[in-house]
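Trainee: Each protein sequence line maps, in turn, to chains A and B.
The first sequence runs 87 to 430 under the working numbering.
The second sequence runs 87 to 430 under the working numbering.
One thing to keep in mind: the hints can contain errors.
All copies of an identical chain are treated as equivalent in the list; a pair is satisfied when it fits inside any one copy or across any two copies.
What the hints assert, rightly or not - List time: in silico BS3-like cross-link candidates among lysine-lysine, alpha-carbon distance up to 27 Å:
{"id": "1", "residue 1": "400", "residue 2": "246"}
{"id": "2", "residue 1": "285", "residue 2": "386"}
{"id": "3", "residue 1": "400", "residue 2": "144"}
{"id": "4", "residue 1": "281", "residue 2": "252"}
{"id": "5", "residue 1": "183", "residue 2": "285"}
{"id": "6", "residue 1": "319", "residue 2": "207"}
{"id": "7", "residue 1": "183", "residue 2": "319"}
{"id": "8", "residue 1": "408", "residue 2": "144"}
{"id": "9", "residue 1": "408", "residue 2": "134"}
{"id": "10", "residue 1": "183", "residue 2": "134"}
{"id": "11", "residue 1": "134", "residue 2": "386"}
{"id": "12", "residue 1": "278", "residue 2": "207"}
{"id": "13", "residue 1": "207", "residue 2": "134"}
{"id": "14", "residue 1": "144", "residue 2": "246"}
Source of the hints: derived by calculation from the structure; they are not laboratory data.
These figures come from a predicted structure and were not determined experimentally.
Next come the chains, spelled out residue by residue.
Number of protein chains: 2
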Amino acid sequence: MKTRSNHPLAATALAVLAAALAFGAWAQQKAPSAANEPIQPIIPVPVKDPAKVELGKKLFFDPRLSRSGFISCNSCHNLSLGGTDNLKASIGHNWQKGGINSPTVLNSSLSIAQFWDGRAKDLREQAGGPIANPAEMASSHELAVGVLSSIPGYRAEFRKVFGREKIDIGEITEALAAFEETLTTPNARFDKWLKGARKALTRDELAGYQLFKNSGCVGCHNGPAAGGTSFQKMGLVEPYQTTHAATGRAGVTGKDADRLTCKVPTLRNAELTYPYFHDGEAATLTDAVDLMGRLQLGRKFNAEENAQIVAFLKTLTGDQPKFTLPILPPSSDTTPHPEPFGGK
Amino acid sequence: MKTRSNHPLAATALAVLAAALAFGAWAQQKAPSAANEPIQPIIPVPVKDPAKVELGKKLFFDPRLSRSGFISCNSCHNLSLGGTDNLKASIGHNWQKGGINSPTVLNSSLSIAQFWDGRAKDLREQAGGPIANPAEMASSHELAVGVLSSIPGYRAEFRKVFGREKIDIGEITEALAAFEETLTTPNARFDKWLKGARKALTRDELAGYQLFKNSGCVGCHNGPAAGGTSFQKMGLVEPYQTTHAATGRAGVTGKDADRLTCKVPTLRNAELTYPYFHDGEAATLTDAVDLMGRLQLGRKFNAEENAQIVAFLKTLTGDQPKFTLPILPPSSDTTPHPEPFGGK
């Protein structure tokens with residue numbers, strides 16, 4: 087009597103099935119579907135209103151939004167440099183030292199809130215801040231509106247985008263936010279791997295990602311931006327020793343317990359956004375990984391582990407926003423003059 | 087006896103000839119060949135070495151050529167703003183007030199020399215100046231070379247362009263100059279008129295050009311750049327009253343007679359390059375035309391004449407350089423850190 091298992095064809099079929107299952111499990115491990123991973127691919131935000139984005143791009147590059155006529159959004163969120171200035175502390179009006187490291191504008195639309203302390207609920211609310219901050223662009227919303235309203239090229243463009251004659255600060259920040267929403271960085275090697283390109287990452291980079299997951303880094307650095315999804319205290323396990331004045335989230339909540347609690351920064355393009363942390367105290371990814379391991383996870387990564395995590399982080403560099411440098415409409419004879427040197 | 091002049095055919099031929107001559111004179115006046123005009127069309131410089139131009143573009147936008155990591159060539163020669171900063175005096179390292187108005191980089195390759203006082207013979211020699219000027223970018227040639235040599239992306243690009251491992255300041259300035267040479271602005275409405283497009287200029291603009299020629303402005307503002315071809319004393323007829331410290335050409339020649347002698351600035355894109363003069367004292371084209379008329383020509387233009395000349399000057403705005411914002415290669419762990427705040 088023949089059993090099915092003894093049938094040569096059945097045996098072959100079983101072997102094939104087993105091989106297929108094994109291959110499937112292996113393939114899943116090696117080339118996971120993105121759905122199973124704590125970091126998701128960056129999906130570019132569709133451009134809804136190209137004219138508004140174009141206007142916002144001009145404003146982003148326009149130093150006339152500052153009192154000096156010298157500082158634009160792009161000065162501290164330099165799109166040639168990963169959307170940051172690569173300085174520990176930014177330089178504001180009259181060379182004032184900024185109170186906090188400039189976070190990258192890249193993928194910032196993916197954050198739960200804006201600024202390190204999350205005091206702005208979205209990009210639009212954020213954009214009004216630096217313009218009027220005396221330590222940053224040192225203008226005022228009234229002056230910014232006055233400057234733009236005096237420029238015929240801007241008047242025409244605002245009219246086209248918003249359908250009315252009068253420019254106001256809400257339109258300015260809305261256009262800036264519309265441009266900033268386009269500043270996503272898809273197609274990182276890690277995203278290609280997430281989407282199934284098994285050879286997109288090296289063995290060391292994959293080992294780094296495993297460490298990143300297994301050590302708990304993903305507890306905070308998750309989602310498409312590998313960060314930006316929560317507020318966390320810096321120094322969970324071991325206190326962060328600092329004399330830096332930033333109060334973090336406490337400035338928003340009023341709770342002393344929230345001191346040194348900050349929005350978790352995105353790790354997208356971390357290769358480009360040095361130095362790290364709200365105080366810019368970590369000059370390199372190696373330093374940042376070491377400190378985070380000890381302070382947040384109570385774990386001292388050895389040199390090999392650290393290098394593997396750094397290698398993984400560098401796979402998060404995506405396509406940088408690619409666009410033509412905007413040409414700005416000239417001022418008119420009635421445009422308020424910039425005042426770089428005390429109004430003289 | 088018939089004379090030739092009485093022959094009906096001969097009379098017709100003569101009339102046709104006379105009409106043709108009259109038409110020719112009229113056509114020449116209305117749509118002159120550029121060869122007859124003191125201002126010539128801008129002819130773009132052919133790009134000889136695209137890789138060198140690309141490298142130069144990156145360097146032009148790279149603030150790491152400054153000690154602070156904040157000031158790039160584009161900070162004061164902003165290609166979104168007509169190749170200038172639109173400030174009376176530029177802002178240098180530590181917010182120092184610049185000694186002289188930043189001239190536009192647009193069409194600068196057409197000048198006989200560089201800087202207001204012509205102390206650099208060409209763009210390459212010029213490019214080394216601001217990098218090492220303590221009041222401007224405040225770096226040094228040694229530091230700039232050190233910074234770029236520490237950046238793998240730059241090392242590869244310099245190797246590709248110059249064919250050797252070692253980066254030196256000569257290569258840096260050569261690449262910058264190669265990029266700057268591409269910054270011409272062809273196709274101004276005036277150039278279209280020069281090339282025969284009779285309707286490219288309005289009646290007022292043409293009247294302004296006639297005034298510009300007949301009053302003697304073209305004596306200095308001539309050639310393709312409408313300037314940049316000679317050094318001239320500011321205040322030829324009427325002395326220029328100023329307390330500004332700039333010595334002008336005297337600083338180069340050592341002759342006191344050359345005080346307030348400067349390179350004649352280009353008028354190309356004058357609509358964009360406000361404020362005017364080496365001290366930036368003229369805020370508007372109206373002011374500049376008025377002062378030039380009185381000081382250089384002993385002529386007080388009335389309001390209509392002034393407006394016509396200004397209208398003509400605005401026809402010199404050409405196509406602005408159009409290119410993708412460069413993405414800069416990231417620093418490495420060994421890159422010297424920027425020192426915006428006294429090296430702290």
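Trainee: Looking back at the numbered hints, which does the structure fail to meet, lowest number first?
Mentor: 2, 4, 5, 10, 11 and 12
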